[in-house]
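S.K.: Protein chains in written order, with the numbering used here: chain A, 32 to 196; chain B, 49 to 511; chain C, 3 to 904.
It is worth saying that the hints were derived from the structure and are not from the lab.
Errors might be hidden in some of the hints.
Which chain C residues face chain B? A few, computed with CB under 10 Å, are given here [said to hold, decoys possible]:
1. Gly113
2. Ser705
3. Ile740
4. Pro755
5. Val775
6. Tyr794
7. Thr795
8. Trp798
9. Val812
Idealized CB from N, CA, C, for every residue including glycine.
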Amino acid sequence: MRPLALIVALLFGAFLWLYYLQDLPFRNAPQQAISFSHQIHYERGIQCAYCHMDAPRSTFAGMPSVLKCLGCHRIVIPQYPEIQKLHVYWNTQTPIPWKRVFWVPDYVRFNHQPHIAAGVQCQTCHGSIGSMDRVRQRVAFRMETCITCHRAMNARTDCFGACHH
Amino acid sequence: MPLRSEIEPARFTLREVSDEILRPVEAPPSMRYLLGLAFSLLCVAIGVAAWGRQLYIGMGVSGVAWPVMWAMYITCFVFWIGIAHSGTLISAILYLFRAKFRPSFSRASEAMTIFAIATAGLFPILHLGRAWRFYWVFPYPNERRIWVNFRSPLVLDIFAISTYLTVSLIFWYLGMVPDFAELRDRALGWRRTLYGVLSLGWVGSLRQKAPFLKLYILLAGLATPLVLSVHTMVSWDFALSLLPGWHEEIFPPYFVAGAIFSGLAMVLTLVIPLRHFFHFEKHITMDHLEALAKLIILTSSIVAYSYASEYFTAWYSGDTYERTAYFLRAFGHYWKPFWLMSVCNVLVPLLFFFRRVRRSLVGLLVVSILINVGMFLERLVIIVTTLAYSFDPGSWGLWHLTWVEAGIVIGSFGWFMTLFLLFVQFAPSLPMAEVKRDVLEAKDMVATLSAAHLLSEETVHAA
Amino acid sequence: MLRRDFIKASTLAAAGAASEACRQPQQILPLLAPDPRLIPGRPQFFASVCRECPAGCGLVVKVNDGRPTKVEGNPDHPVNQGKLCLRGQTSVQGLYNPDRFRQPMTRTARGQLEAIDWPQGMARFQSAVATAQGSIAWVGRLETGTLDRAIRAWLTRHQAPPPLYYEHFSYDTLRRSFQITYGAPIVPIFRLDRARSLISFGADFLETYISNVEYAHQFSDIHSLAHTPTPAYFLAVMPRVGLTAASADEYWPARAGTEYLLAQALLAVVTNRPLPAGMEQCEIPMDLIERAAQRLAENRPSLVLGPGYGNDSPTALACQIAVNQLNDALGNTGQTVLPDVPHALTQCATQAEVIELFEQRPRLLLLHHANPLYHHPALPLGAPTFTVSFASTMDETTQRADLILPDHDFLESWGDYAPRADAPGILQPTRIPLYDTRPTLEVLGEKPAAYSDQELQRGLAAGVQSAAVAHRAPATPAVAPNVSLAPLPAGEYTLIPFPTVQLFDGRQANRSWAQEIADPMSKIAWDGYCELHPETAKRLGYEPNDVVRLRSPFGTAELPLFVSTWIRPDCVGVLIGQGHSNYGMWANERGDNIHRLQNPAPLADGLWHAASVTVKLESTGKNRPLANLQTERLQRDKRLALALSSKEPEPPTTPAASFYHFHHPYVNHRWGMAIDLDSCIGCNACQAACYAENNIAIWGRSSALSHREMTWIRVEIFEGDQGHPSTELNPDLRFLPIPCQQCDNAPCEYVCPTFAAYHTDEGLNGQVYNRCVGTRYCSNNCIYKVRRFNWYTPQWPEPLNQQLNPDVTVRAKGVMEKCTFCVQRITQVELDAATNQRPMRDGDIQTACEQTCPTNAIVFGDLLDPASRVARLAADNRGYGLFADENTYPAVTYLKKKARRG
């Protein structure tokens, strides 16, 4: 019985280590309603801001509207199965239910606007999305990540005024 | 000529001493003991249930509100920490002064110290709005690159109390090592293993005794300033604020004196039943108890002076906020606890000026309980009346006790009692080694005096 | 893409976020098609008109992701000029009221209400209309413009009489007096801003009288030292000191009902005629009257206002007539009294007309946002009348309805409302309808013709009925009706039913903010109460909080007692607006309905009077603790709410910097505030705006009893100070709004063990909610007691959670919170300025309280900017810091109130 207990304990410990210390939740790359590949679009030369337009002027970066996708895909590979799904969404006037990959907790009032204005590249926080088929979070969103960069860029590190109000 | 109390121990044999002191540990627990333990566990259960409710629903179930945001929990915190101090006074300071009456209750009062700190330590967690984040007040390295606010009196408290707990624990444990060794020698079965581990291989040889005594006196020396500093820091929880009634320079000595005062009373409250139920009358004599009573008079007069000084300063300063706060403390909504506290802390201890009261067990017990009531109320009055009647009259408001608060307070008393009862069951309540040393010294003294024909053996044994 | 659809889509986008409350949204829903006006994360603003009362203030509604979250005044609207009272701020709570009808309902044969769908509802409605041909009545709230025309057209088509617009404050006495003195029964426009002296014989123009935001603004312009170096003189004559009289320079506690004698006396002095008989009944010395008359004569133009609701006694008509004549004699007509410009209230039915209509028992009664049975409980309503109600929530009248076809809330509606000809306003929907409701216009089947913008304007201007004639000279005083003052029977007390700025006539009682924010005078929240003078209370053996039974010849009411020195010993005051029996979760069980005490029938002069009864008082032996949020009203010598002495103004009392104090170095900005006590009228609009902007929780009555209200800014009321005690003949009431003072040397910052409270680089005292462990030491050490603790997890019953401002953290239990000077607004403006690379100007950032304050008492800005208003005010001679001698160096400067005269 002793070795079995030991093995179980080791496995449990490994699980805890993987789950908590390896930040498994954020390593997940959820399957999306439409299998959109950033890599393909990036290779075609489409910039981040073309779709995620609101980053310079709002808290959220914004998801492209369904019509934005259709703008090209009315003509570009309209018969492709994933694009067929897009057409279904448009025809039924249903917004595409994307699963969120990047998020910060409630008490972090993150705003894209000043970061874009300061010239921070999207890849800095979101990783090299341009090389990802399915979006996966590669950069851990810890307070340390934010603070290190804020100090390096001489940005505001005032707890309340900058972020936690 | 030596005092009777110094010669008395010559009548005992070492074997007698061990047997008597260790009887509570070695004998199976009596029905009375078990009932007491069950009762205190019930109190703990009430406290746990009350705290569970508070955690689940929120601090709203307690009576604190705007503007009185601290009440019963902080009172209990200061109360228990205060009690802890006299234990250290007795075991450390009186050790340094070589007080003769010390051994009879030093162990019990050290235990009281440890358990009081353990009880007090619950309250900084209990009173938090988000108790599950209590560890954020500790300065531990974290990825968020933030430290705690070292200017805050609450953080100073953390350091003070953890230091105090560590030193007191080591001091207490060290003192018990020879006694555990004796228990190990007399015990069988699992107890032998337990006490064997606890006694750290003590055999009582000279090679062990010498460094032991050096360490013991060192720890006593280390613990001594803690008596003054820890409660000073706790008093700074109030004195470092700027509220009238809290922002008083006299708080550190006032609180330290008050702590010792209430602790001595609690020692009496614990030791008298201990002495009665476990038949320690031979070892804890009326002379010893009387000495405590005299210390109580001393500390009570310091506390009384502090009250008077506070009031005088408030009036003399001319500061409108001070005057209002102190006036309303005595004549506002909480006048009853205030006057009860004044009577219990200033007038009641004066009874100890009468020898009859000092030497009567009932007198000692009643007065000590009243003193504890008074000291508990003192902290409550200081906290609540200051908060209720601070600067802006438009912000005055009251606090009312709720069931949850009362439940948690009961739970804390139950927790303390449980720990103390368990201590009494598993460890010797008197420092056997020191009592035995006193016995041997007394025998020596009698032998010397008899040899010089100044005293006869029969006189000693006849007494 | 259709506007409706994009609103729908964007609402869906928010639905994911909003519905998940504090957890992270798991989904992101995009728009279907982009709209250039819609930037996710940024609010949109829509102009509308407030329909919380007939004043008709213009609104700007802030909409986040398709949900209105905050309403503010429209700076361009002539009535309110950007300001809004507490009632207006609560209009979002009306939209998201959990008690709203979600669909049509019908009453079954057994008397229960059953939900139905619209086709069924419409069918029932059509059949009821068809059955009741010829005996149809419309009782609704005041409407003007398009809806008014449509209703009239529909009623005409169905051979029904014109609609009865029901407002309980219908100013019957005022209109009748204008009929008598000027020939037309109108509610005129009053221009307080042109007055150099002002007398009110009971009109509570800062609370509910006609247009309180407008009058508050105008009053501040003429009366506050901030806006004029020569303040106008204001005398209040009424048996009870309410909010209006609290701002008066002189107060006469005239015996209830004798106001007409005083008005006639003033008229006599001004026109050099003999005094009326019976002057000694007033209990006001003659020299005061002469002095007042002289002030009126010297300071022209003046304005005299007549009785209000609280002293609408049988002599009120005589008083109002005398007031009209006095105004004319002083030359005010055409200047401060504009009898040829009618207010829309002129269209309201009189109370007598409403009573008569109900007694006629029409076969079909159409109720449109009116609740007459609350104010007139004795009115008959039931079979054979078939009642159709278009109300949004259940109320005392709708509970007798047979069919409920709920209308949209005004924030979801198209419409127009013009309180007067020069202030037209258009309502537009600010969100898609929350529930399955329909606009009443659609139910009636009326489709207003499509207008062009120009036609709309013209149509609106023409639409306001002009029922006045050009100003005529009033007739001689002999026209005044023959009244005499009945002596007060022994053991009885004059009933003074006083409305308040929060509850109006009771319609805001189902808003939790209006209940949780304490009444500014009594500081009582969540309860109705009666007021007695301490002498009276002592003589009768009553203690505060005793439940007293008031018995009039017409009914009884049991109310807990509040003892106050602001009411005459021979009067008993009752708060109106509480006492609902069926008006929603927050309005019910707040005491008895005091309208039962009033005389249900009109008096001999054909008018219904509100304050015409005397009551007997009986003790019930019961006790109901009142949630009194401020029990001490005397400052003693604490120097809180200061006034200028009548001598030279004192220099600022903020101490100079010292060696012992560490001043934070501010580089870019130091945010500060200046609050002018001379402007503050205590209306609590700032509190409501703060609740709306900052997601402040409501705990309810039991928590208010324990002093657990969460208000971030509180308005304290003090009676005089040590040098100038407040007396009954000369009440000196001072309101002191206290937000967080953002102290430079804050006592709360050094005691927080976790640095949750600390000082930001821009002068704010920050409170990092997630770092707070809840030791509450900060609140203990705060000498202003501005910090509030979350005792429980705040609950927002659906759909009130849709009102939450997404820019502000929603706090959990165990966390401390406090005023942040609307840091979310500061941050947004700073960000925009930085992004667009333009400098910030003074006035760009407006805190919620500053934005809504009708009298501009609060000024916010950058203390480091020498050109800002707040920097100038901080150095003002009248300026001082609260508890400045404690060296907290607050960022809020208070400006002393002017000294009392007389």
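S.K.: Does the CB of Gly113 of chain C sit less than 10 Å away from some CB of chain B?
M.R.: The hint is violated - Gly113 of chain C has no Cβ within 10 Å of chain B, the shortest such distance being about 39 Å.
S.K.: Given Ile740 of chain C as an interface hint, is its Cβ closer than 10 Å to any Cβ of chain B?
M.R.: Status holds, d = 8 Å.
S.K.: Any CB of chain B closer than 10 Å to the CB of Val775 of chain C?
M.R.: Where the cut-off is 10 Å and the nearest Cβ of chain B is about 5 Å from Val775 of chain C, the hint holds.
S.K.: Checking hints one by one. Is Val812 of chain C an interface residue toward chain B, by the C-beta closer than 10 Å rule?
M.R.: violated (15 Å)
S.K.: Does the CB of Thr795 of chain C sit less than 10 Å away from some CB of chain B?
M.R.: It holds, given that the least Cβ distance between Thr795 of chain C and chain B is near 6 Å, below 10 Å.
S.K.: Hold the hint about Trp798 of chain C up to the distance rule: shortest CB distance to chain B must be less than 10 Å.
M.R.: Violated, because the Cβ-Cβ distance from Trp798 of chain C to chain B comes to roughly 16 Å (cut-off 10 Å).
S.K.: Would the hint on Tyr794 of chain C be counted as holding, given a Cβ-Cβ threshold of 10 Å to chain B?
M.R.: holds (4 Å)
S.K.: Hey, does the Ser705 of chain C contact hint survive, CB to chain B under 10 Å?
M.R.: With Cβ-Cβ at 7 Å, under 10 Å, it holds.
S.K.: Restraint: Pro755 of chain C near chain B, CB-CB cut 10 Å. Satisfied or not?
M.R.: holds (4 Å)
Violated hints, in rising order: 1, 8, 9; the structure is consistent with all others.
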